[in-house]
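Put the two chains together into one complex, using the hints given.
If you read the protein sequences in the order shown, they are chains A and B. Under my numbering, think of the first position of the first sequence as 1, with each following residue one higher. Under my numbering, think of the first position of the second sequence as 1001, with each following residue one higher.
Since the hints were made in silico from the structure, they are not lab data. Treat the hints with caution; some may be incorrect.
[What the hints assert, rightly or not] Among the chain A residues that face chain B by a calculated CB cut under 10 Å, a handful are:
1. Gly69
2. Gly72
3. Phe74
4. Asp203
5. Asp367
6. Gly373
[Unchecked claim] Calculated Cβ distances over 10 Å to all of chain A for the following chain B residues:
7. Glu1002
8. Tyr1003
9. Glu1005
10. Val1011
11. Leu1018
12. Thr1020
13. Ser1022
14. Ile1032
15. Lys1036
16. Lys1041
17. Val1048
18. Val1052
19. Gly1059
20. Leu1066
Cβ coordinates follow ideal geometry from the N, Cα and C atoms, glycine included.
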Amino acid sequence: MAKHATPLLDQLESGPWPSFVSDLKQEAANRAKNPNNVEFQVAQDCVEDLLGVLELSFKHGMTHWKHGGIVGVFGYGGGVIGRYCDQPEKFPGVAHFHTMRVAQPGGKYYTTEFLKKLCDLWEFRGSGVTNMHGSTGDIILIGTSTPQLEEIFYELSHNMNQDLGGSGSNLRTPADCIGSSRCEYSCYDTQAICYDLTQEYQDELHRPAFPYKFKFKFDGCPNCCVASIARADISFVGTWKDDIKIDQEAVAGYIGGEFAPNGGAHSGRDWGAFDIEKEVVGLCPTECMWMDGGKLKIDNKECTRCMHCINVMPRALHIGDDRGCSMLVGAKAPILDGAQMGSLLVPFVKVEEPYDEIKEVIEGIWDWWMEEGKNRERLGELIKRQGFQKLLEATNIKAMPQHVQEPRHNPYIFWKEEEVEGGWTRDVDAFRKDHQR
Amino acid sequence: MEYEEAKALIVEKLTKKLKTKSKFYFNDLSKILELKPRVAKKLINQLVQEGVLEYWSSGSTSMYGLPGTGKQAGAEHED
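Next up, chain B with everything else stripped away, as it sits in the complex (with noise of 0.2 Å):
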């Protein structure tokens, strides 16, 4: 899968689930690509590297989300 689709995809696929969470597991990402997950990692990498994505993290467990996406960033004046 190239970039292009991957990042099409993946905005597409969490912007409609927006009303519902704003957080996502890796393993939902590479679900959405349907790619084997080590391949997967390349890609959400590089949309990480590209600000398309962005980490959050409770210290044990990590997410990705869509940057400004949820309740934190606004509540900690942080967008």
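If we strip away everything but chain A, and leave its shape as in the complex, we get (with noise of 0.2 Å):
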């Protein structure tokens, strides 16, 4: 017997999906029945009270957690998120409900053996609920008390080699893709630039000093499959220079009906004869592409990398050689109003070690938004208040043809009185000479 009725809960778990009611509720059984005999650090029924307060706060129409609080344990000012309950006696074991935020691993690739351990630690001194992952990419454990917060990060510092993730006004976890790992159209090693950032810039990790979030994001390719371009305040995307490698064979294969288009992705139901012509060619969004003689050409000056062609037959096309990354700022998704996708910054960098390039625009970067921008105001809200051309600026970049979306459409960038020779006074006796009033 549940130890709170959640009649508008139980409603969630009717719908086709799996519900996190039906999690919470297995958590809170198994936590009642405690098989294994674990000694729980925080109260045996949290679980039930959450899901008790949650109930609530559908009943009421308002939340019934208080915002904010502790953050950290010693030296640390992101990583933990505090969460204090307002109905305390009727929900005790939520009345303290802390949020950790562990910083994932690069791919978030991991053993079995490390997910045991991790579940372990959290059963025992934790709600032993998590979200994996949360929107940054951390993993998140939901819910433990202010006293077990230094020794759950002694033993995952000490023991699991684990560090905890950035919060508040912090870069916050950099997030990665597989990258070259196991992606063959990984254009740079995202994990290792990753890794090296999270690395160099801990101090900005762990204590906050910037006005706002802060977020990195890597990419590997243009398919952006961790969404950098929409959310990160720079994002890494993968690109290359070259041509599109093409396998005139492979290509051939293709129509010929040897292979499946995007790797068999559709074979759900039957959509008929591969079209190449209608598959590929006429969805190239630059319309770059043509058949010659049973041949595909591709114009490469016109391709924008938007990587449909390359995603329905990759056995035939493959990314270029000259690779490296594109890095976009100023992207954010606010839960309410306000998103904003990335502006092009850096058309192309190499991704090689020491990213000495790369560290050099970030740095500039933080400079100009730590002094300049205002507090809680994010990156793209910097650029769009005092314009691109203040970035670049600060970045040490020289605007080019690629940070303009079309020619006299919304010029930003102005000149200056020093960059025009006489400077903006003039002989206005020797302008009326040719010039009649």
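Dropping the structure here:
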């Protein structure tokens, strides 16, 4: 028998998808039964109370969580998010129910041994409820009390070789795709740079001094599997400068039905024979492809790296060999309004250790944003407020055609007086000689 | 600016403002110190390490305050 009746939550279980309510009920039952004889360090029935307070929130149409509080373990300004319930008498198990953010491994590769250790630790010292993974990518451990925080951090850092992630006005835990470890589309080693920058910027990750949150995300190719372009303050999207490599025999194989398009991804239904004109050439957004005597031709200088043709025919088409990444800045995806995509800042940079060129851009941006950014202002908002030109000055990057969506449209690059021969002043009499009033 | 000078300045200014607010943005502190953010950060980190200041966070934004000040520490029995 559940501690609290939850008719509204029960309804959430009735849909076709797996429900977090069922998961919570399962964990509540598991804690009540305690088959492994765990000496729970937070209330055994905390998950019951969590369900109870959520039910009450649905009933009242308002939250019963208070906002914010303690933030971490000694010396860290992030990684722990204080959460307190405003109905502690009714739900004592969740009166103090803090969230811990734990840095996820690069590409989210785990060993089962690590996951078991993590779950055992969290069952012992926390609620047992996890969120794998939060939007930033971290392992989110939901619900523990203040005395457990240092204990958990010690265990994570000393015995599991694991650090807390970022929260608050910090650099957030950098996130990456699996990159070249398993993906043939990857234009650079996402995990290598993600790890390097995480180590390099430990201070920014753990000790808050930014105006607001700041996110790096690394996508190995323009498929953008971690959606960096839509949400990272600086997104690193893999790209290449030379030509897409074409294997004409494999193209013929796709046309002849020898290979399934899209790697066989849409095989659940009969879509008819593969039609290269309709499914590849006709869908190219820049119309830079055509068939010539059974051969596929690409005008590479028109290609915008949309990846569609490569995704459809991965055996026949491959990313070029001159690889690197584009850096885009200012994206954000807030819950309410104001979502913004990244703007291209660096069209192409080689991604090679020790990444000095990239770090120079990052640090130029931070210096500008830390000085000019208002409290709770994301980089994208500062760029809009002060202009893209200011960002170019801060990063010592010259304006270039790739910064402009189309000529004579919304020009944000303005001449300065010192850049113009003779400045703004001129001899009016000399001008009038050639130009009547 | 030396550490002790920064400490005295921060404690004095923050104590003065306690009647109206107990939590401060990083920018408020660097303005009090009249230093560039990167320089101010080193001193502010040291103040936190030595317990002169403490962090507060909503989860999305971080702030700084003198330890135990404000309503929350008392209300949550964590002071």
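Cross-check of the supplied hints:
no., hint, verdict
1, Gly69, "6 Å, holds"
2, Gly72, "7 Å, holds"
3, Phe74, "9 Å, holds"
4, Asp203, "8 Å, holds"
5, Asp367, "7 Å, holds"
6, Gly373, "8 Å, holds"
7, Glu1002, "20 Å, holds"
8, Tyr1003, "16 Å, holds"
9, Glu1005, "19 Å, holds"
10, Val1011, "19 Å, holds"
11, Leu1018, "19 Å, holds"
12, Thr1020, "16 Å, holds"
13, Ser1022, "13 Å, holds"
14, Ile1032, "14 Å, holds"
15, Lys1036, "7 Å, violated"
16, Lys1041, "4 Å, violated"
17, Val1048, "7 Å, violated"
18, Val1052, "14 Å, holds"
19, Gly1059, "4 Å, violated"
20, Leu1066, "15 Å, holds"
When the structure is compared with the earlier hints, violations turn up for hints 15, 16, 17, 19 and for no others.
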